[in-house]
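Got chain E; can you put chain B on it based on the hints?
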Amino acid sequence: MDLLKGKKVIVVGDRDGVPGPAIDECIKTAGADIVFSSTECFV
Amino acid sequence: MNSVIKGASYILAHTPDMVIHNGTTQTTERIVNPGSEYLVELPGKLRPYDDAMRYAPNQTYIGNLTPDELSAVAAPWYEQKLEDADRFGKMGEIMPQDEFYILMQVCDAFDLVKLEKGFVEEVKPRFEQHPLMDESIIARIKGGVEQSEIDRAIGEDHAEGLYQDGKLVGYVKKSHDVDVNLSAHVILENLVSKASCVLSLLHLTKNTGIDKAEVDLVIECSEEACGDMNQRGGGNMAKAAAEIAGFSSASGADVRAFCAAPVHALIHAAALVASGTYDNVVVAAGGSTAKLGMNGKDHAKKGLPILEDVVGGFATLISKNDGINPELLSAYTGKHTVGSGSSPQAVITALVTDPLDKMGLKITDIDRYSVEMQNPDVTKPAGAGDVPLANYKMIAALGVKRGDLERAQLNDFTTEHGMVGWAPTQGHIPSGVPYLGFAREDILSGKIETCMVIGKGSLFLGRMTNLFDGVSFIIRKNSGETEQTSAVPEEQIKSLIADAMRNLAASLAGEGR
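Residue numbers (our numbering), protein chains in the order written: chain E, 15 to 57; chain B, 8 to 520.
Take these hints with a grain of salt, some might be off.
Simulated DEER-style distance windows between Cβ atoms [claimed, not checked]:
hint : chain 1 : residue 1 : chain 2 : residue 2 : range
1    : B       : 255       : E       : 24        : 52 to 62 angstroms
2    : E       : 47        : B       : 87        : 27 to 37 angstroms
3    : B       : 216       : E       : 42        : 54 to 64 angstroms
4    : E       : 48        : B       : 83        : 36 to 46 angstroms
5    : B       : 239       : E       : 54        : 43 to 53 angstroms
Hints in this document: simulated from the structure, not taken from any laboratory.
Even for Gly, the Cβ is constructed at its ideal location relative to N, Cα and C.
Same shape as in the complex, but just chain E (with noise of 0.2 angstroms):
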């Protein structure tokens, strides 16, 4: 689980698979710094 600890993330997430917001929800927990997220559309 401190895999994530501290580290600066940059998070892009997926319309069709994980959105940006889900998958911040969970990096947050594992104690990350989201400095960048967004979705985006590959469609």
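Showing chain B alone in chain E's frame:
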């Protein structure tokens, strides 16, 4: 009463030169990396019309192949050329680029589209033979101009070129010296959208047999913005397209919601008809030049032809309940709300299980789900995976979580309740609506009884919100009840009033005594 779906149309225009000159992947590449290998090899990667016409997903889009038949064709589909293929299908057609340029001129109300004299002389006779182009449309074709005028407009006046097989054959000119919203680039994009919308409307008229004068309203649901600097998204592409298609009694309005717009528009249409405001509402959209060749770099890198070489369009007719056609259940829609949350589970709950719970149904009670129906030939080589399959897996996974199906049934669910994707990656075009025409046929033939149509939109791309959007509705076999059969007969109403009057009179007479 619920409204019904009376028919649908689906059209493509094969526009390979527009891939080079108008697709944003290519126009961006020309700005940031003008000497790139991709731009050099691109012309050699474009498919001739016959290849695009014989491409199985395109034949499916216009109704010549069912989704089940497409799934039996060996993938990748770009390696196959269907022997039994045709420009025209039972739901629409695949129009060649040169005729589409003529249609763009037909749709131009401000003398902004000019075509070269020799080009017009060559293509006009073919266009005139089109079974759906009547005199009013043919009369809008203008005579051609000299090549020198075209060269001057491109070189000196910021016009956008129209190319055929790499040769400059016309231009679209700007409509204002300063206003970027009326630049040649924007006018061209809007005319492409309008022309492909008009072609969809013409095919819808043929497919449904509706008298054009009986259409009350057209709702256009593409992703283009038309307007000027004082009202950039002013809109009403709907009425502009209805005018050319000859829908003389129709008004129009646009619905915008990124790729989710067609499903939003269909819910609007169903509610307007069910409430009695209108009898016949058409929902339609043309396609997008910007998305042509969107994944072209990945396709070229992997040795594929450029598969995103078609502009798409669709139209569907929502009418008063006739007791026959499939009903659109306006009371049981799904919607992803501001507060729904963005996890896949929250999304599928909002779009799929909330409306099912309202009806007391399980996920497996819906025979077919029409989700994002993008063609996997296009998306898989670009790293975006099989989008319909990913959507079906998410629905199935929630079904397992709810106890609607067993974990072991997960894969079977995706084949039994899902379909392979066949729609071009034209944004709103693949979003839920490509199956509507087939769904109507499958329900009328008894193959299925229910279908859920789901549209999703990437609102965050407009940078006004981080939210995603999605809406859904269910269509089902007609119950057979019409307004005539369900309404209280007039005679019964008269009898009830007469009884009430008699009772009142008797009661007054009693009081008088």
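Results for each hint:
Between residue 255 (chain B) and residue 24 (chain E), the C-beta spacing of about 55 angstroms keeps the proposed range 52 to 62 angstroms intact. One distance hint, 27 to 37 angstroms for the beta-carbon pair residue 47 (chain E) and residue 87 (chain B), is violated here, with the actual separation near 50 angstroms. Residue 216 (chain B) and residue 42 (chain E) have their C-beta atoms about 58 angstroms apart, which keeps the hinted 54 to 64 angstroms range intact. In this structure the supplied range 36 to 46 angstroms holds for residue 48 (chain E) paired with residue 83 (chain B), their Cβ-Cβ distance being about 38 angstroms.
The hinted window of 43 to 53 angstroms between residue 239 (chain B) and residue 54 (chain E) is violated, with their beta carbons roughly 25 angstroms apart.
Checked against the numbered hints above, the structure violates hints 2, 5; every other hint is satisfied.
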